[in-house]
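Just so you know, the sequences run in chain order D and U.
All letters in the first sequence, in the order written, are residues 1 to 282 by this note's numbering.
All letters in the second sequence, in the order written, are residues 283 to 564 by this note's numbering.
Incorrect hints may have been included.
Think about it this way: if two alpha-carbon atoms lie no more than 25 Å apart in a straight line, the pair counts; the simulated SDA-like pairs of lysine to any residue are [said to hold, decoys possible]:
| id | chain 1 | residue 1 | chain 2 | residue 2 |
| --- | --- | --- | --- | --- |
| 1 | D | K270 | U | P509 |
| 2 | U | K552 | D | G130 |
| 3 | U | K499 | D | R214 |
| 4 | U | K499 | D | G242 |
| 5 | U | K499 | U | R510 |
| 6 | D | K217 | U | L491 |
| 7 | U | K552 | D | L281 |
| 8 | U | K499 | D | R135 |
| 9 | D | K270 | D | R214 |
| 10 | D | K158 | U | A490 |
| 11 | D | K270 | U | K499 |
| 12 | U | K552 | D | R203 |
| 13 | D | K217 | U | D340 |
| 14 | D | K270 | U | A528 |
| 15 | U | K552 | D | R221 |
| 16 | D | K217 | U | L428 |
| 17 | D | K217 | U | E422 |
| 18 | U | K499 | D | K158 |
| 19 | U | K552 | D | K270 |
| 20 | U | K499 | D | L281 |
| 21 | D | K217 | U | D419 |
| 22 | U | K499 | D | V133 |
Simulated from the structure, these hints should not be mistaken for lab results.
Number of protein chains: 2
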Amino acid sequence: MIRQLTIVGLGLLGGSVAKAARAQGLARTIVAVGRSATRLEAARADGSIDRATTDLRDGLRGADFVMLAAPVTAIEDMLETVWGAAPLDATLTDVGSAKAAIVRAAERLAAVRPIAFVGSHPMAGSEQSGYAVARADLFEGATVILTPTERSVPEASKRVTEFWEALGARVTVLEPEAHDRVVAAISHLPHLVAYALVESAARLCGPALELAARGFKDTTRIAASDPRVWREIFLQNRSALGDTLAVFRAALVELEDVIAANAGDALERKLTDIRSIRERLA
Amino acid sequence: MIRQLTIVGLGLLGGSVAKAARAQGLARTIVAVGRSATRLEAARADGSIDRATTDLRDGLRGADFVMLAAPVTAIEDMLETVWGAAPLDATLTDVGSAKAAIVRAAERLAAVRPIAFVGSHPMAGSEQSGYAVARADLFEGATVILTPTERSVPEASKRVTEFWEALGARVTVLEPEAHDRVVAAISHLPHLVAYALVESAARLCGPALELAARGFKDTTRIAASDPRVWREIFLQNRSALGDTLAVFRAALVELEDVIAANAGDALERKLTDIRSIRERLA
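So here's chain D without its partners, still in its complex pose (with noise of 0.2 Å):
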C-alpha cells in the first residue's frame, strides 16, 4: 500500500494512473501536480485524487511513490526540482516515450541525493490526450517497458513492477538505449512516416483525398495525435529516429526497386514475407 502517490501531469497517462490506482485501492492518499488549477479540478471533483496543487515541490512533499507523467521535456526538466524537493525514501518512476536521456540525468541527480528512480514506458498511448480521455483500464493488456540499470536499486525496480501489474499491465525489461531504439522502430517511425503520408496525399490528391477509405484511415490514424506531445518526442529521440529512418528507406527502395523491374514473383515472395512477420503481431 502506498501512502502518498503523487502524479505530476494529469493528461491522458497521469490521468488514468490516478483513476486506476484509486480504483484499485493502491493508495491511501493521490496528489497531482499540474499547470492549471481548473484542469485539475475535474480530477478532484470525480473522486480520482485527493489533493491538486500547481508547486511541484508542494505536491512531492510526504509522497513515498511519485509517477512523473508530463511531456518527455517537461520530465527532463523537472528532474533537479524533484530531485531536490522528493523524500529521501520515495520511489520515482516517469512515463517518457524516451528513456536514455533522462533515466542518464536521474543517474548522475541519484549520485548525489540518492532516490530510487527507474524509469517506465507505458504502451499506452493514444492519438486523443488530456484528463478528459483518461481511464482507469487504460492499463489493463498494456504493456509496459521497465528500463532498469546495472545502477537502479533492485527493490524500486519490484516496487515500480508491481505498481504496472495492479494496473493490469505486462511489465517488460530493456536497457534505456534498447528502449530507445525499439520503440522509434515501432512508435515513433510509424508516427512521422503516417504524417509525411498525410501530407503528401493532401498534395496529390486534393479534395478528392476525401475519397480515402478505411485502409488509408487506419494507416494514417496517429497523424491525429497531439502535436505538443509528438513535437518533444520527435525532438527528444531524434538520434534513434534517424538511425530508424535510414533502414526504413532502404525497406522502401527494395520494394520500390522489385516492383521498378516488374518482378512480379521476387515481390510476391517479399509481401509474404512480411505479411507473415506482421501476422505475428495479431
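Add chain U to chain D, keeping to what the hints say.
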C-alpha cells in the same frame, strides 16, 4: 431488374456483389465464373449464385450485366475473350483498383465490337480475401469511383451507377488517369509504406517487435493484405505509384529536416497542419 448478372471472379469483392445483389433481388439469375469448381460450389450451396462455371465464354452467354471481379491483371488478360463472348446488349463493368490500362483497352475493343463498358472501383477492399469473407453489406456506405470517358455510353454509366447505389454505395466520378493518381496516393502508397514499415521494424527490433502496440498495428494492418492481389496492383499502377513515392519522400524529408534542426515551433506547426487535414477525414 437484371435478367442475368454474370460475375467473373468470386473472391471478397465478386462474392460480396453476388450476396448483395441476391439480398436486394437485383437479378433474376446470378452466374459466377471462377477457376475452381470446388470454391464456386460454396456460393451455389448457400444460394448466393444460381449457376457456376469455370468456362468464361459459357458464363457470359445470356448475360445483360457483367461484373469483372478478378485481380487487375487477370481482368486485362480476359478483356479480349470477354469482348468476343459477351452479348452486344450487355453492360460491362469491373472492380479493378487501377483503371487507365483496363479502360483504355476496353475502349480499343469497343471500337471494334460496341459493348458498353464503364470502369468501377469500389473502395471496399480489406486485408482479408476470398469468398469466405464476402458479405452482403460490404458496399454499404462505401465509395465507388466510376471512370467513364468521353467515349462511354451515358446509359451504361447510369445503369452501373444504379447497380452500385442499390448495393448501398456512394458513386463518384473521376477520369481513369486521375483515378489512378488518387488511389496511388490514398491506397497504393499507404500499402507500400506499411510493408516497408513492418520490414524495417523487424530488422531494427528483432524479437522486441512483439512490443508493438495499437498504433503500430493499425498503421501496418494493411501489410497483412493478400500478396497475390497487391503484387498485381503495385505492378499495374507502378508509374503513378512512382510519382506518389517522390512526393511522399519529399514530405518525409521536410519533416526530418525540421527535426534535425531541432526547430520545435516549426515542427509543431507542421504537425498541427497535418493533423487538421487528417481530422477532416473523420
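Hint check results:
Annotation: proposed proximity of K270 of chain D to P509 of chain U holds, straight-line Cα distance about 8 Å (limit 25 Å). Taking the CA atoms of K552 of chain U and G130 of chain D, the gap is about 21 Å. The hint holds against a cut of 25 Å. For the hint pairing K499 of chain U with R214 of chain D, the CA-to-CA distance comes to about 14 Å; that is within 25 Å, so the pair holds. In summary, the hint linking K499 of chain U to G242 of chain D is supported, as the alpha carbons are separated by about 22 Å, within the 25 Å threshold.
With a CA separation close to 22 Å, the supplied pair K499 of chain U and R510 of chain U stays within the 25 Å bound. Using a Cα cut-off of 25 Å, the hinted pair K217 of chain D and L491 of chain U holds, with the two alpha carbons roughly 23 Å apart. A distance of roughly 31 Å separates the Cα atoms of K552 of chain U and L281 of chain D; the hinted pair therefore is violated under the 25 Å criterion. A distance of roughly 21 Å separates the Cα atoms of K499 of chain U and R135 of chain D; the hinted pair therefore holds under the 25 Å criterion.
Note on K270 of chain D and R214 of chain D: the hinted pairing holds, with a Cα-Cα distance of about 24 Å set against a maximum of 25 Å. Distance check on the hinted pair: K158 of chain D and A490 of chain U sit about 22 Å apart at the alpha-carbon level, within 25 Å; holds. Proposed proximity of K270 of chain D and K499 of chain U is supported: the alpha carbons are some 19 Å apart, at most 25 Å. With a C-alpha separation of about 14 Å, the suggested pair K552 of chain U and R203 of chain D falls inside the 25 Å cut-off, and the hint holds.
Taking the CA atoms of K217 of chain D and D340 of chain U, the gap is near 41 Å; set against the 25 Å cutoff, the hint is violated. At most 25 Å may separate the alpha-carbon atoms for a hinted pair to count; K270 of chain D and A528 of chain U meet this at roughly 22 Å. The straight-line distance between the Cα atoms of K552 of chain U and R221 of chain D is roughly 16 Å, inside the 25 Å bound, and the hint therefore holds. Only pairs whose Cα atoms come within 25 Å are accepted, and K217 of chain D paired with L428 of chain U is accepted, the gap being roughly 21 Å.
For the hint linking K217 of chain D to E422 of chain U, the alpha-carbon distance of about 17 Å falls within 25 Å, and the restraint holds. At most 25 Å may separate the alpha-carbon atoms for a hinted pair to count; K499 of chain U and K158 of chain D exceed this at roughly 30 Å. With a CA separation close to 34 Å, the supplied pair K552 of chain U and K270 of chain D exceeds the 25 Å bound. The suggested pairing of K499 of chain U with L281 of chain D holds, with an alpha-carbon distance near 8 Å, which does not exceed 25 Å.
For the proposed pair K217 of chain D and D419 of chain U, the alpha carbon gap of about 20 Å is at most 25 Å, so the pair holds. Between K499 of chain U and V133 of chain D, the direct Cα distance comes to roughly 21 Å. Compliance with the 25 Å bound is thereby established for this hinted pair.
In summary, the numbered hints that this structure violates are 7, 13, 18 and 19.
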